[in-house]
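Asker: Hey, can you work out the whole structure from these sequences and the hints?
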Amino acid sequence: MTPDSQSVSTDPTPGPPSLARQAPGISRPVLRRDCPMIWRGTDIIQFGTDGDAPILDRVSPALVRWLLTLDGLRTWEQIDAEFAADPAQINGSPAPVSHDEARRALSAAARAGSLDDAAALPHHWRWLRLADRDRSRADRAAAALTCRDSLQANELMDRRHALVVGVTGAGRLADEITATIELSGLSIASEASPAIDILVLADGAHP
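In my numbering, the protein residues as written are 1 to 207.
It should be emphasised that the hints constitute simulated quantities derived from the structure, not laboratory data.
Keep in mind that this is a model prediction, so the values were computed, not measured.
Just so it is clear, CB atoms sit at the ideal spot from N, CA and C, and this is done for glycine as well.
A few of these clues could be false.
[Said to hold, decoys possible] For each label pair, taking beta carbons as the anchor points, the in silico distance ranges come out as:
| id | residue 1 | residue 2 | range |
| --- | --- | --- | --- |
| 1 | VAL64 | ALA120 | 23 to 29 Å |
| 2 | LEU199 | SER107 | 15 to 21 Å |
| 3 | THR42 | ALA119 | 33 to 39 Å |
| 4 | ALA195 | LEU128 | 32 to 38 Å |
Answerer: See below:
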């Protein structure tokens, strides 16, 4: 066989691994606006306001602009395709953003809980009125900040929604406890209900 007759492989060069590896469980990433990026230097940002919030160095303004484009409207496949097509013009960015820069930034954002999944909602939200869902957004934001994981925050919200509390007793103490429980977003049931998970005894003040 002559060199000219040797077969030449036409397989495309494999691309870099998907950026989805940096945020397991998230299908349509969105950067949470309640977990802000804070500049700590000319090329250093912090994700969130916690004292132990992840710090990312070697950050360019172009990288920050790219992170802000994570609005939940694109899948990881679409994001990966943008890098494969022309990484220097990702979403109109005037300066190059490399795949490695994006990978490092997403890893830090995921550790901070700054990434949410636009495709995932607390299960019980599907049956809420829009007004009730809007009122629950602050609670979900607080849960996400605490858990640093949007999926765990969704599970926490669902568990709280499913919890049923009963208050037994009469008088001012029982009224105050009932009002406090209702304000916390928990469901209240009569003490005779078989669905009660927690029964609070409020028949009188403790000595």
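Asker: If I claimed the Cβ atoms of LEU199 and SER107 lie 15 to 21 Å apart, would that claim hold in this structure?
Answerer: Because 45 Å falls outside the window, the suggested range is violated.
Asker: Okay, VAL64 versus ALA120 on CB: inside 23 to 29 Å?
Answerer: Holds: the Cβ-Cβ distance is about 25 Å, inside 23 to 29 Å.
Asker: That 33 to 39 Å hint for THR42 and ALA119 (C-beta), does it hold up?
Answerer: holds (36 Å)
Asker: Does the Cβ distance between ALA195 and LEU128 fall inside 32 to 38 Å?
Answerer: Violated, at about 19 Å.
Of the numbered hints given earlier, the model fails hints 2 and 4; all others are met.
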